[in-house]
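Chemist: Protein chains in written order, with our numbering: chain A, 2 to 348; chain B, 163 to 550.
Among the hints, a few may not be true.
[To be verified] Okay, the calculated bits of chain B under chain A, using three or more residues with CB under 8 Å as the criterion:
1. 347-355
2. 411-424
[To be verified] Ranges of calculated distance between the beta carbons of each label pair, as one might list FRET restraints:
3. A:K286 - B:E384: 23 to 29 Å
4. A:P140 - B:F311: 56 to 62 Å
5. B:R390 - A:K340: 33 to 39 Å
Think of the hints as simulated: they come from the structure by calculation, not from any bench. Even glycine gets a Cβ: it sits at the ideal position worked out from N, Cα and C.
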Amino acid sequence: MAQPRISAYLPPDIDPTKAALAFGRRALPKLNEELQSAELLTQQRALMALCDLVHDPEKVYQAIALGFLASLKTLLVHQDQTVRQKTTEVLSIMALHSIGREGLIRSGVISALAGLLDDPVDICRKNTHQIFDMLAKLPEGAGGVLQAGLIPPLVLKMQTELDEIQELILGTLSNCLRVEVSEALAAGAVPVLKEKLSHPSTAIRSKAAWVLLEISSHAEGKIEVCKEEVIPVLVSLLEDTQPEVQVSSTGALMFALVTPQGRSSAMGAEAIPPLLTLVAEETSKARLNAIKTLTLLAELPEGRQTLLDHRDTFQRCLDDPSEAVQRAAEIAITVIDWKPSCSRDLF
Amino acid sequence: MEPTMEPAVLPVRAPEPADVPADVPYSFCSQPRSLSSRPKYREQPKAAETEKGPLSYVNIMFDPRVVRGNVLSVRPSPPQVLGFAEVHHATVLLESHSIPSPIPLRLKGRGEHGEKYWPESLHRCIFDQERQSLWKAENMFMCRQLFDFDIEVKPILEVLVGKTVEQALLEVMEEEELAQLWSHQRAFAELRNAEFAELQRLEEQDRRIKEEKERRRLEHLEKLRKQRETAEKIAARAFAQRYLADLIPSVFNNLHDSGFFYDPIERDIETEFLPWLMSEVEETLQKKVLGRTMLDSLIRMVVEKRLDEFSHPPPSAQTNAPSEEPRTADAAPKSGEADAADQPVAEEEETDHPVAEEEETDHPVAEEEETDQPVAEEEEADQPVAEE
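Looking at chain A on its own, in the form it has when it is part of the complex (with noise of 0.2 Å):
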């Protein structure tokens, strides 16, 4: 007689490590019971189990409507490694989907975060910053992790810890920096960011140059990365051999070069031949930053001189499919052909 029980040993698709799940609404209620359990081994595979549910947004959404959260934050900072691995494995999971990264920042789980900066455990950091730079890249994200005063430790953090962790702060950083820039100037964020454009990963020159972009578009930003001289190294990597890299570079130039001092410093470095290679590719992902980064250099003198024999180059932009190009390129050779109304004219 055919038994449901086929043999003795369990089929290799049960995994002894995760716990049973309830038949369906139950399955969540269930498991936030067995996380608040007092035995370790339930917990965990309580945890094991809530990884895998956490990829469907309905769980999510039902997850945070139990109240996950809260018990998830007492998890944080228990003692054993396993525990808080697979928390902050749960916590980044939820960050991937909208409504968990609603609920994660209306619960306030930035600020439990922050004490797991300084954790031993590798993976434990590296999730933590997955769920900062999921995070920040919304706008209330970003406000909650400024206002958990996490930008200094950050920043500190950029220079101790492994290179994917590295990119991982970047990425917050340069989302964090767009609103508000003040604390990562006061706590030196310019010069630990100009020498990391020198780093040998692509990934982290790329993303150090978007993160001093993000700085330069701030008034007091612009004025560090001009003191710091950081410009001369930004123009040296508008050669590098990788796009992004160039985008990166060609975009936080744009920013920088808005002021006269990084103007002049700009064409003391002679920005202008590499930027103009990089117009004049088609298919240069760069093309339109380094249009108005050459724009914001014709508006001297000497740059415009410089420009004028060049003007053919912004002719041909002109026909780019991209529209931001195009008129990119008309402003810039409307800037190119001014010409002084009277002696004392300079712009």
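Put chain B on the given structure of chain A with help from the hints.
Modeler: Quick look at chain B alone, frame taken from chain A:
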């Protein structure tokens, strides 16, 4: 099922038609033979392979392996009921005989769907053939033990595969969604940065132009101010010149009028000579006045003496004598008072005290009044002299 059957039992294809005489009414698919009895217990396949004992013969009528069909005219049910397993089985057997035309067997999930695609002609032939081979030692099992693994496992397999695929799809969708979001965000960020940079460039330009404008405006104002000042200075200079042109004559006139330019001799006479003259004149006149005053006092003295002599002749002779001595021009009021004091003392000694005092008090008062009056007159006489 591996093809380990004996060649004798194998249902071979019908031999070539050439071997069979044409007038035989029908051909056998396999040569007729008697069947051996079925052993009670299932033999192991290997045992069947290695040793084949002498076959015992059994009455075919009681052989359970022979299919006893339905004697009624109802056709036996078409092979739909044959499940998955049998189809599979058939495939294996056919393959082992290397039948040239392959049967397109597809897994359609349920046996009945697949059946349509089977070529109709092969149905009966195959299954009739194979049905016999199915009743073999290897295939025998107790009725109740029968469960079709493939049928049973299907739902479980579906659920497992479904769940795994669902989970995998969710994760893939997540990543795809995220990748799309990031590429969207990146494109937006680039555009935003470009626009923002343009904005900042224009702001900077605006600031510079404003500064320049402000500077030029201030320069212009400075220029105007200087012009105005210069004009005012010129105007003030012209006016001052004109104003001060007749300054000197008027100054000299004023000074002249206030007496700065004087004749020294005239002044000398005025300041020194004339006052001296006046003081000398005054002295002379004073001397004259003095003389007159002296004369007046002398006259009065005489007159008073005469008066006293007429009113109190005896006592007044004693008192008047000592009283005449201290009498001088300047000591006239004093002598008058001393005289008055001496007289009441002398009278007190002689007459009664209250009456005398009264008289004396009246008398000295009267005498004092009298002496006072001439004193007053003398004083009055002195004063006009002093005034002159």
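Chemist: Find the hints from earlier in the document that the structure breaks and name them by number, from lowest to highest.
Modeler: Per hint list: 2 and 3 violated.
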